Amino acid sequence: MKREDFTTLTAACAKCGTCRTVCTLYPERKAEISVARGKITLVEAAFSDRDGNAEALQEALSDCILCGKCERECPNQVAVEEIIMKGRADLAEKLGIPAWKQVVFGKVMPSVTARNVTRTAATAAQKVFLRRVPTGSGLHYRFPEAFGLSGRTVPALPGKSFLGSLPPGEAVRGEVVLFVGCVFDHVFPQVGRAAYETLRLSGKGISVFRDAPCCGLPALVSGDRLSALRCVEENVRRLSDASPERIVFPCGSCLVMFRRNMLFLLPSGHPLHGEAVRVADRCVDYASFLLETDVLSRLPDRPKGEWAGQVGYHDPCHLSGTLGKGPEGREVLRRTVGDSYSELRGAELCCGYGGTFNIRDYPTSAKIGQNKVSVAAGGGAAVIATACSGCILQMRDMAARTDPSLRVVHIAELVSKAFSSR
Amino acid sequence: MDEQVLSALREVFGERLFTSHEQRICYSYDATGKMFLPEAVVFPVSAEEVRRTVLLANEHRFPVVPRGAGSGFSGGSLPVRGGLVLSTERMDRILSIDEENLVAVVEPGVVTETLKAEARKRGLFYPPDPASIKFCTIGGNIAECAGGMCAVKYGVTRDYVRGLEVVLGTGEFVRTGVSTVKGVVGYDLTRLLVGSEGTLGIVTKAVLKLIPLPEAAATILSFFRNNHDGSKAVVGIFGERITPCALELMDRTAIDCVRENAGLPVPEDAGCALLIEVDGPKQSVTGEADRVEQACRKYGAIEVSRAADAEGRERLWTLRRSISPALRKVNPVKINEDIVVPRSRLPEMLAFLGDLASRKRLKIVNFGHAGDGNIHVNLMISGTDEEERIRADEAVAEVFRKTVSLGGTISGEHGIGIAKAPFLEMEVGPLGVSVMKRLKRCFDPNGILNPGKIFVEEEVVSR
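From first to last, the protein sequence lines stand for chains A and B.
First residue of the first sequence? That's 1 in my numbering, and the numbers climb one at a time after it.
First residue of the second sequence? That's 1 in my numbering, and the numbers climb one at a time after it.
Since the hints were made in silico from the structure, they are not lab data.
Being a predicted model, the structure only gives us computed values, none of them experimental.
Hints are not guaranteed to be accurate.
[Stated by the list, open to error] Okay, derived cross-link-like pairs now, EDC-like style, lysine to aspartate or glutamate, Cα gap no bigger than 16 Å in a straight line: (1) B:Lys-34 <-> A:Glu-44; (2) B:Lys-134 <-> A:Glu-44; (3) B:Lys-209 <-> B:Glu-388; (4) A:Lys-94 <-> A:Glu-55; (5) B:Lys-363 <-> B:Glu-314; (6) B:Lys-360 <-> B:Glu-314; (7) B:Lys-282 <-> B:Asp-309; (8) A:Lys-30 <-> B:Glu-388; (9) A:Lys-15 <-> A:Glu-55; (10) A:Lys-94 <-> A:Glu-59; (11) A:Lys-30 <-> B:Asp-92.
Next up, chain B with everything else stripped away, as it sits in the complex (with noise of 0.2 Å):
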């Protein structure tokens, strides 16, 4: 970006254009813990600001990657090769929350947790809710589909995004998708746009689904002796035709991560612990509840709680929480995968990850949404041992190989964004991926949005 396009980009952006060396460190890092500097930020406040940037970036032909938190874990918001980081998070407004038609409409710097605190304030409920949630944005989760804890219920972003205002990589400016219930009028370009990872288009505005806050819930902690237990039961749960709005599962390395201060006991033998929660009216939570407990008994849980009121929950998901800070003791690096498995295939998954873990000598805490079959894979490594880091890179393929096989996929909220493009063929084949392509050619045909995400071209250069 030459000094032309720098007072081009000054005349639109003033002040909340940022081209200092420190300033743009600031914006060359997301959550991968990767760095790759950008030549400049811009701070948009309009849809208008949006598209004047993404037409010069046609006419100079600089990258645009579009940012919200940086709080990605595939590096959707990195700027690989270059150009102009667009942060949307001063376009934080929520625009109206509509309580007849039940939508909300918002800009894409909204915080996600903001959204939900004045959605929860009118008796509703936008459910997404991923671990980041205080503070990523909606931008972002729409850009990579994020899902979270209560998706086994509830669905992912995908599932509340009813309409979007979009600048294409063109720089054109479309509306998509409806603010209604219905509405099947030409392709579903809304659904294609929620997790392109900013490489189609740059969300403006979304209208967003929101549904009836559940009245009640009630929360479960079972302990069960292995995995192999542990993961029968998941099964079992919905054998029992019941939906629980979450539901957690933790490995005995992750139970042994937080032993000292899960703030509750842990059984001596806990070798899988399951976290479960079920909400609806209040008649029904008590009802479901008691039926989980005894399909983890039946399951051999060895130990069970249950908490109704909000104290008493808070203190059983704190052993969940407590879990991804307390990785560190195990090893200071995390390589963090989350693939996705059916249900029904979740025994075999632990007993191959397992397995895997003893044969290229590694460690491996696996805890997540077991619910929804998504696993978190965590290698942790000691980020100083280039052979382990090569036993580490081996197994996180053997892992992706084998959740293809298991009928999985490789990403269920992450996002492909650098991480995993390699191993995108690996899912979709070729002509997905050529499909993909075309697509992208037709959304942005000079290659401006988000260069070098999804798909492998060149080798990238970390910093």
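With the rest of the complex left out, here is chain A (with noise of 0.2 Å):
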């Protein structure tokens, strides 16, 4: 990215310092290299300063779980987010970026088949090395100290991906397009059959991306820009050519990556810019699909108590941020779980998750994320309901080593409960 790009998105920094307010990371570290502004100052120096350290900045934009909450607050809408991805992208390009990463992010994760031998191995692998342990939200694996991740747990792979359990042969087309995902695709297959499931009963075609790329945001976080480039590029061509009315997203991930991100990719000037512009407009999360199809009114009446406890709803930061979603989600939730909906405590709380910052600083993620559901539990809570893979891969991880007894599950499964329980 080219120093002026940089200037015009940094220059509006007035550094002021409310970004110390809200970010998640800052209580953790207490020193200001944490926050947007330390963040921002460090890339404004980067362009003045001959002498500065590539390394030291790559490790300072990298120490960030990117969950906005600093944009958002931002009197003058700093685009954070964006300085941080490109910078790390710059820096990637200019250090390199580590050989397992570009293994994942430039082979497996745009491939449908690499990702699908990837997790045999990985589910096999599972088996052998990790122990098994039963939580609220089904068996997980936890990690042996040895291996340095200290107790931390990952769920069961289980025997089929979502799309593995598909028929085959259904193709893009039709009105309304799902994109599940990856995690709901291989790790969560139930979530990615219970977003499908209540989907078809907005009585509209629907239809399954089951070829897809990954959405590019690991990738993108990462610093890998082409290969996030690559699944941006294949996916926006993909789908404009089945030109569906709207593309429905179970993740909140993916779906900030289409509807936002892929424009730092796909900037005005690119070819297919006009095309992402188009593909993006016609991206939605799942709750708002729900209310917008009216799918919900025809739930049966609920019996009361059926569900074991209150349940809320933890707002993703990328459904929260920039996208503005959460009255949608608890909305969703409410009319589904009727009276055992309660407002979760700390619900806007970030859940520490940030993808490759849990992998490159998992104590710190593991405290913040341990907080977050011990806030949620203590006002209550038995069941937290979201509507992004990361939030869900983070808060059972968290629930299993802290009280195993709450639930961490996606809206769509609770959906899906109560239609099948008519």
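Hints in hand, dock the two standalone chains.
Have a look at this one:
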């Protein structure tokens, strides 16, 4: 990225310090380098001083969850996420991308075949190396301490992915396309299935984007611009050809990639920009689509007390931030679980996942996540429902570590259950 | 600062000493947007660590610049002479809230809103409310004597500091003031330290006064045709013998900035708005709000609306809150002054500012705490036009001269720092400056603490 482009973005920062109030990481670090004002000043300084240390800048820009809360709070609406993502990409191009990330983002994520092969290997590996732990949200495996991951748990990979369980042959066509996302396909296929089945109740023609590349977000936040670009270019071309009315996302992270981040990679001037904008405009989150098509009006009257304990909604940063989604998920939940719904204590607190951040600094990510789930449980929640794959991975891990009775689910799972218990 | 000094600091602070280029950059700025690179940053967690730092500084002669959240508007926390930034952000405990004697004892790094929220839970009130309340710290508020919206009724930080524990520039540890309501034992060092901008001592603990939380409040938004009517109404409200807990004025340019996204209808011909809040016991609030409305109408308000519930009040306040962020629409660079004049001189001051803007061909947006005569004069410039910058500097000097001639002060709540140092003498006179410098030498003979602030000594060079 050109110096002038960065300067335009960073110049809007007035250095007022408002970002300190909402930064998810600041309470852990207690140092200005963790907040947007610090990172932006570092980016500015990198352009003005030639002796800047690229590795140190990369370290600083990597130490961010990209929850985007600062951007939302900022009085000048500084594009903090864009600055950090673009900064990471520039630095990765300068310093190189670690080999494992090159394989994952460059080879595995864009290709459905490679993802399936990887998944088979991972399923086998976790049975061999990891310890089984039952939790409220299903079977998890715990990493042994020796792996240096201090007791992290991961969900047991099921035998079949969601897409793998579909009958063959359906192509992307029709009015509405479901973009299921890698995690809801492979790790939590029950979410993919629940979303698919409940979308079909809308009466619209629903097709699943079966051999979709990854949305590209993991590559983008890791600074792997080329791999991210490959994903979004293919997604835009394919969806543009199919030209559906709506593309529905059960995962908030995939959605923010399509609605906003994709346009960082395909800016005006790029040959695919126009198509990307048209695709982006048709992308919608799962809850909004249900409300738009009034699916829930067909729910039967619910007997009280069917849901054991309070059900609350967690705001995924990727939905509540730029996209301003939050009331929709709550509304769906309220209509689905009736009297069991109650506002989650600390609903807006970030879960601390941050994708690569969780790998980079698991202890801090876990500390933020454990606080998240214990605040929620302290408020009486028995079930946390949300709409983002990262949040679900993280909060299930945290619940497994602190309170195995706490369930973490996707809202689609509850909607599907409400319909099936008719 | 050589390796010997750094290793001595490392012995005290361990990992709480930052020396990397990147970490230092992150402690080089504040809300003025200016940058001065420190040589190192430390994060003490106790008064003893602060004391040891200042002793080392005296031994090795390096500057120590105390810093809270870096939210100041006058450069108080900028390390203009390099040296060490001493961040208080990890001394952030509320040590006690005494509900019988209505005092709180806090460390300097406590965020102001955190204290207010803890007090509120107990039905108590810590009034000072600078705009940066959610992230600024008590230590920084004390150093700059921060004010805020409710100063008109409840006063400023100074009015809530009963006593302090301070490390002086000599490294001596001193307790000042009292924790009781009264106290006249010797000189009032507490009041001297409040607003001293970290040049005399570093606060390590503060004893703060709390008051009962007001029971109810009502907010009134009035639009006027022009500043003249609006500022007459300000005086008129006090003429009714009412002290509002907030009385904010917005001029035509400020209103125009937010007209579209004010979230409420703004009359076409509105050239001035007053946002007034009254608080107190439930029974008296309604009556006072009625009288405020009457006073507004008497002085020519073209529209008056009122809200007494939290949601409605918040909606009226959004008009005021949306101004600062919207200023960028006028021009990208803001020169922000916070002059105060006696309330009765507001009409004259506002007329002067209007005339000045047209004479100097500048965009000047005026808003602020009119109830206490405190106007935030924002000169909005392009930042790229050198000639415009010179006109703006001349305008600032004229604003200050006019302010002093009206019996006002050149800084209500931001402090002098580096931004207003050239104008200090204009207000306090050469003898005033001399007495202040003598005090400085007494507290900090080696000039360790926050050098280059308040007084003009030598040219300060921005990086």
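**Item:** 16 Å Cα cutoff - pair Lys-209 (chain B), Glu-388 (chain B)
**Value:** Violated, at roughly 46 Å.
**Message:** Against the 16 Å threshold, does the CA-CA distance of Lys-94 (chain A) and Glu-59 (chain A) hold or violate the hint?
**Reply:** Holds, at roughly 14 Å.
**Asked** Between Lys-30 (chain A) and Glu-388 (chain B), does the CA-CA distance stay at or below 16 Å?
**Response** Given that 16 Å is the threshold and the Cα spacing comes to 40 Å, the pair is violated.
**Prompt:** Does the alpha-carbon distance linking Lys-363 (chain B) and Glu-314 (chain B) stay inside the 16 Å limit?
**Reply:** 29 Å, violated
**Message:** Holds or violated: Lys-94 (chain A) and Glu-55 (chain A), Cα atoms, limit 16 Å.
**Reply:** Holds: Lys-94 (chain A) and Glu-55 (chain A) sit about 10 Å apart, inside 16 Å.
**Asked** Is the hinted pair Lys-360 (chain B) and Glu-314 (chain B) satisfied, with a Cα-Cα distance of at most 16 Å?
**Response** Outside the cut-off at roughly 37 Å; violated.
**Asked** Are the Cα positions of Lys-282 (chain B) and Asp-309 (chain B) separated by 16 Å at most?
**Response** 12 Å, holds
**Asked** Given the hinted pair Lys-15 (chain A) and Glu-55 (chain A), is their alpha-carbon gap at most 16 Å?
**Response** Violated: Lys-15 (chain A) and Glu-55 (chain A) sit about 24 Å apart, past 16 Å.
**Asked** Taking only the CA atoms, is the gap from Lys-134 (chain B) to Glu-44 (chain A) under or equal to 16 Å?
**Response** Given pair Lys-134 (chain B), Glu-44 (chain A) is violated - Cα atoms ~26 Å apart, limit 16 Å.
**Prompt:** Taking only the CA atoms, is the gap from Lys-30 (chain A) to Asp-92 (chain B) under or equal to 16 Å?
**Reply:** Distance of about 10 Å is within 16 Å: holds.
**Asked** Going straight from one Cα to the other, do Lys-34 (chain B) and Glu-44 (chain A) come out at no more than 16 Å?
**Response** 13 Å, holds
Going down the numbered hints, you'll see the structure goes against 2, 3, 5, 6, 8 and 9, while the others check out.
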